[in-house]
Amino acid sequence: MDQALGWWGVPLAIAAGTLRGSAPFLFVSLGECLTEKSGKINLGLEGTLLIGAMSAYAIAYLTGSPWLGVITAGVAGMMLGVIHGWLSQQPRVNDVAVGIAMIIFGSGIAFFLGKPFIQPSAPPLPALQFGAWSNLPQVQSALQISPLFLLGVAIAPLMQWFFRSTRWGLYIRAVGDSPDAAKAMGISIFKVRMLCIVAGSFLAGIGGAYLSLYYPGSWNERISGGQGLMAVALVIFARWRPMQCLYASLLFGGAQAIGPALQSVGIDSYYYLFNASPYILTLLIMILTCSPKRTLNGAPGALGQ
Amino acid sequence: MSQRIYLSRRQVVRGLLATTAFGVTAKLGTGCTPTPETQATTAGSGDNPLVIGFIYVGPKDDYGYNQAHAEGAAGIAQLPGVRVVDEANVPETTAVEESMRNMIEEDGVTVLFPTSFGYYDPHILKIAQEYPEVQFFHCGGLYQEGVHPDNVGSYFGYIDEAQYIAGVVAGHTSQTGRLGFVAAKPIPQVLRNINSFTLGARSVDPEMTTQVIFTGDWALPVREAEATNSMADQGIDVVTCHVDSPKVVMETAQKRGIFCSGYHANQAELAPQGYLTGAEWDWTQVYTNYVEMIRAGKTLQNGGIPHLVRGGLQDGFLKLSPYGNAVSADAKQSADAAKAEFMDGDMIVYRGEMKDNTGKVVIPAGKNFQQQDQELEKMNWLVTGVVGNVSS
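Top to bottom, those sequences are chains E and F. For the first sequence, my numbering gives the first residue as 1, with consecutive numbering after it. For the second sequence, my numbering gives the first residue as 1001, with consecutive numbering after it.
In case anyone wonders, no lab produced these hints; they're calculated from the structure. Positions of the beta carbon are idealized from the N, C-alpha and C atoms, including for glycine. Watch out, some of these pointers could steer you wrong.
On the chain E side, residues computed to face chain F include the following (Cβ under 10 Å) [said to hold, decoys possible]: (1) GLY6; (2) PRO126; (3) LEU128; (4) GLN129; (5) GLY131; (6) TRP133; (7) SER146; (8) PRO147; (9) ARG222; (10) SER224; (11) PRO260.
Generate the whole structure from the sequences, applying the supplied hints.
Have a look at this one:
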């Protein structure tokens, strides 16, 4: 660590921040994308993210195996998913309201059970080193990539293909776009939605495991910082397309690094503004692409009904 | 749909099940939020134990501000005839008023230490008027004579003294001459820590600089990690911080193989290789002093206990983490020398002429500010050698 990078540090830090920080957004937004494609909204993924983070950290600490922690996080997420899936499909139950209840429920459980695990240090997930070709320690550190992130990047095109080219994908789209038509096809709306919500919650739980076991790599009650809710909004931003969820997650992950990176090279004014840059960008894109004459492009027809 | 009032038996059963399920989840949800959880730690030995209540804003084992206070509370719980009740995770809202009332009514608390900064105004002030016989001690130094109730006291420590010494150690250890400071917000207490840390380092090598990164809030783990990583990328090789829980900063520094200096509590086990030292609170000492004064029959109301208690190393408010392996003998020697000066009361950190990092003179030549000086509590500048800007 002899030489400073100076201005080159800014793009490097943003790139590194993208590789490090976007996985939670990615997992939650893919999970929410799957859920919303089936026509239900699950705002409770913020709670799922927290419970995933807590259970992954706790199990990794107790058993010494971070991968077991990742699996547990997914399973814990699925349990919340079952509750949401069942509750939100009862007649005259609003899925947004249930989702808000699930945020409070999930975070409450996570805080309660997670109390003894704030102090201990759990074994972190291993990272793959892609930077051995460079002799700059900064680049080597930036190119430490978690296999979980690569998994998430692989899931995005898979999910896109799944929606477009498989029978099951068609079922989900049918249920989300026109439940009556799906019913006529002989598809159980309840089962399809339930499975989508549970699978989506599994992914969100994995996103939580990434937070507590890889980056920033510790469990405390503020660990999510609202990332779960932002990821839900990302799905709208990404127009319900998994590949665009990937790009949007990378954008938001990288944006988290802008403020600190600019301050570290001496751009020290307006850091609140830089920290807010991804939100400003989202607002701009939403304003530019919205239209009063039609619903949002790509929105499932029966979303939230 | 809406005009149909008829409900089949199946729907009624289903509705009942749904309500029960929702009720169970809702009950668990509230039952599990960790608010109303008071616990008696130790029983007193005397006939009439002194019951003292502690309230924290976060968890008691956060390696930070709350842990420091919880350690102090555990320290006085050992004293005979003292019973401590405490409650963690109480937000700075009316929730803390309920906690205080409960402690006074249910547990018979006569002395309260609500530790978080934001509890003071309006919550403590309001409850203090309701219970004029109970004594309230608040950490933060906000008491104003004549304005606030008589049964409220305030205490705070000049932790920048410990940061100065940590700066001396950092100045000896850094090879690149560049230090890093992850700070939450540009408020006077934080700026004073940054300045003292920098002045400590520059007392070793006048060319040292401290890069500041403000994250914008007290607990933003991802941004704290980003800030530490950016600093490591820029060749900074010692970082310290002023955030609620320094855990993430210390762990990230450890991962990046750079040195770190702790804050609030001892974080040595989080970074076994790179941990140099740390500026820690020593509330056990402070709280023991209070207990002794109260036992001697002194109270805030009868004037026996001063309303404002402040102190530094000399008064036992602070301590330093034991030096880590990476600290050289030279560094230890000059740090111990600086500490000795603080202990004698000879050290003046802020002496004129001092310029801020824009070149403006902030302390004119010939003027020295003692630690107690009110002027220092209005600090809104960064000293020469700090790379950063206080305006947002």
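- Query: So which of the earlier hints does this model not fit?
  - Reply: The structure conflicts with hints 2, 3, 4, 5, 6, 7, 8, although it agrees with all the remaining ones.
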